[in-house]
Amino acid sequence: METKSIMIVGVGGQGSLLASRLLGNVLLAQGYDVKVSEVHGMSQRGGSVVTYVKYGDKVYSPVIEKGEADAVISFELLEAARCLPYLKKGGHLITSTQQIDPMPVITGAAQYPENLTEKLKAAGAELVAVDALSLAEQAGTAKASNVVLMGVLASRMDFPEELWQKALEQCVPPKFLELNKKAFELGKNA
Amino acid sequence: MKKLMLGNEAFARGLYEAGCKVVSSYPGTPSTEITEEVAKYDEVYAEWAPNEKVAMETALGASIAGARSFCGMKHVGLNVAADPLYTAGYTGVNAGMVIAVADDQGMHSSQNEQDSRHHAIASKVPMLEPSDSTECKEFVKLAFELSEQFDAPFIVRMSTRVAHSQSIVEMEDRKELELKPYEKTPQKFVMMPAYAKGRHVFVEERTKKLIEYAETSPLNRVEISDKAEFGVITNGAAYQYTKEALGDRVSVLKLGMVNPLPVKLIQDFAAKYERIVVIEELDGIIEEHCRNIGVTNVEGKNIFGYIGEINQAVIAEKLMGEKKDFAALEENIPVRPPVMCAGCPHRGLFYCLKKLGVTVSGDIGCYTLGAAAPLNAIDTTICMGASISGLHGFNKARGAESEHNSVAVIGDSTFMHSGMTGLVNIAYNNSNSTVIILDNSITGMTGHQQNPTTGKNLKGDPAAAVNLEELCKAIGIKRVRVTDPYKLAETEAAIKEELAADEASVIISRRPCALLKYVKHNPPFAVDTEKCVGCKACMKLGCPAISIRDKKAVIDHTQCVGCGICKEQCKFGAIG
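Read top to bottom, the protein sequences are chains A and B. In terms of my numbering, the first sequence opens at residue 1 and continues consecutively. In terms of my numbering, the second sequence opens at residue 1 and continues consecutively.
Treat the hints as calculated values from the structure; they're not laboratory data. Quick caveat: nothing in here was measured; it's all calculated off a predicted structure. Wrong hints could be hidden among the right ones.
To be verified - Simulated pairs of lysine to aspartate or glutamate, DMTMM-like, Cα-Cα distance not exceeding 25 Å: (1) Lys324/B to Glu229/B; (2) Lys88/A to Glu331/B; (3) Lys3/B to Glu114/A; (4) Lys487/B to Glu568/B.
Sequences and hints are given; from them, build the entire structure.
This is the structure we're talking about:
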């Protein structure tokens, strides 16, 4: 199988590492060769964070470049717009509708673009926009937006449900497991 | 059992499986997780040292004592440890010794982009370079064997992409090793001129043997393709990019041992093709080596340059003229630079420094973000510890004019790493300088590592804690005081007083990192829109939780941790 590429993007602190590890474990259990590339260190402090997940028969490069991603999962709307160029033609863009102002917007040096979901659709992206923050709060904590979006992704991928459940058990500490399973379920049905 | 592992985690697994007994490191992105992961194995003694020099000397001591040992650091850390490295190259080892140095191509989290292969060449210490997690584990295990075979410490060079990418690793059992006997051998371990001269002869002989080994080592691999249009010589992550971009359209010589480099292997490979392209990140070390050994049909840096990371798209475009289509929005997407977190204790301090308009000599850590808008408070950032020594030099140059208007800022861990010696210099050489230690009770930027001031060791067990106040006093600083950066007025007054004083002073700005699990947060604040006049005074703090909507301040309840500095800043009592 040709290598497939999924990008998980968001703002530092939103939990993209957990999301990519969940997905990585599901893909490993499916028997694929898998590479997951993460960002640590300074970039994590509230900056744009990008994680790459690639799978197939044999994966070489761990990174994804412009025009290569089969899907982009974004935890924040502006980051979805930023990463649009990474999407392949006809690729899927799954985004939370949450908006977090970056520092140039906070200081007034720049404007947060308006009507981004419409613009992303107009640019040709196969867009799924979900209010992941509200669903996560419904599950018990705003922090579970990442797992809500993994639920949204899972509903669009053809992998057995038990692999996702097992990956959740592997990646989430036991005391937060039930909450995250609920968040995952809400995402799947969104 | 197969597992997805970060390169750093696989490296740690390699240390464990190879029977490594003693680990001493200083954290630094992208190397940190090697030591954090290996500390999870009870069979391995692992510690954070105050700096890389101490870590390397500890590892060398353990090797001399007969235990396989390891120290890990980032590229700039190897500069700090260069002193022991260059002489460890002479002494060699007793039990195997492996050093990890992690380069940061693209400067994701570093102050420069140096290529650490230069250190390996200059110190004549052999260096291996894996290209994914599987190789991380294999290379580390082999490096211990080779270290003992060739009587040399071995460096394993990592990069951000290899360190922080996960790929599949097959786990094996640990090989438990007996301590090697220790015998006093001054000719080998006492590096005074008479003995060192002998060891230098040994080093040159060893390099010849290592080159012979490199010619046939499985670390260096030729992958011939019948369809090859030209030949590529590559190393590390660039190998993976090459394979993805070019597949079987090229033949590849993959170099897993990057110092010393083979001669005949490269000459023979190059003789097969009219065109040879070296694809290596940062400096053109392999390419220059090719020219030195008479391989003239070689290109590389003329195509790829010396800056940043290479990737498959760059290779496909520059060598094949291939480019992928993609869509983009027409409008400007504002950048999202990293920022100090909501509730970060550094914010209040930098706000006061900006307000007072002082010159700030900065250092390495989360607080380097004090240089970014809207605080823009920092004037210089060079390397670990340079804030204090740099301020001293600045003040010696400009005298009273700057002494009363400039400070150094340095974190607790950085102060222990190499700030202390600068403070000794200030006391000893009678400098009227003001040093602010930002004590957030943890090593923050690299992801919360313990350090000698926190009272805990790497494994989380209780440990001796350096008392910063007493240490500064013992160094000879008479004016030492502690402030709380969540209290703006108190902090500002303290800075003014110490700047006005006619002798050196230390302010310890103390408040634990807001991300520490044990830190209890206050409930989030909210803005009373009736009282908010939209003056934007709160916005000057640069808190990511505060924004303006419809000309009034809004606080994001998911980010706010109730630190209260915006409340103190608001003259209209609108925040509560």
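Evaluated hints:
Between lysine 324/B and glutamate 229/B the CA atoms are separated by roughly 22 Å; this keeps the pair inside 25 Å, and the hint holds. Only pairs whose Cα atoms come within 25 Å are accepted, and lysine 88/A paired with glutamate 331/B is accepted, the gap being roughly 20 Å. Distance hint between lysine 3/B and glutamate 114/A is unfulfilled; the C-alpha atoms sit about 43 Å from each other, more than 25 Å. Restraint check for lysine 487/B and glutamate 568/B: the C-alpha separation of about 8 Å stays at or below 25 Å, so the hint holds.
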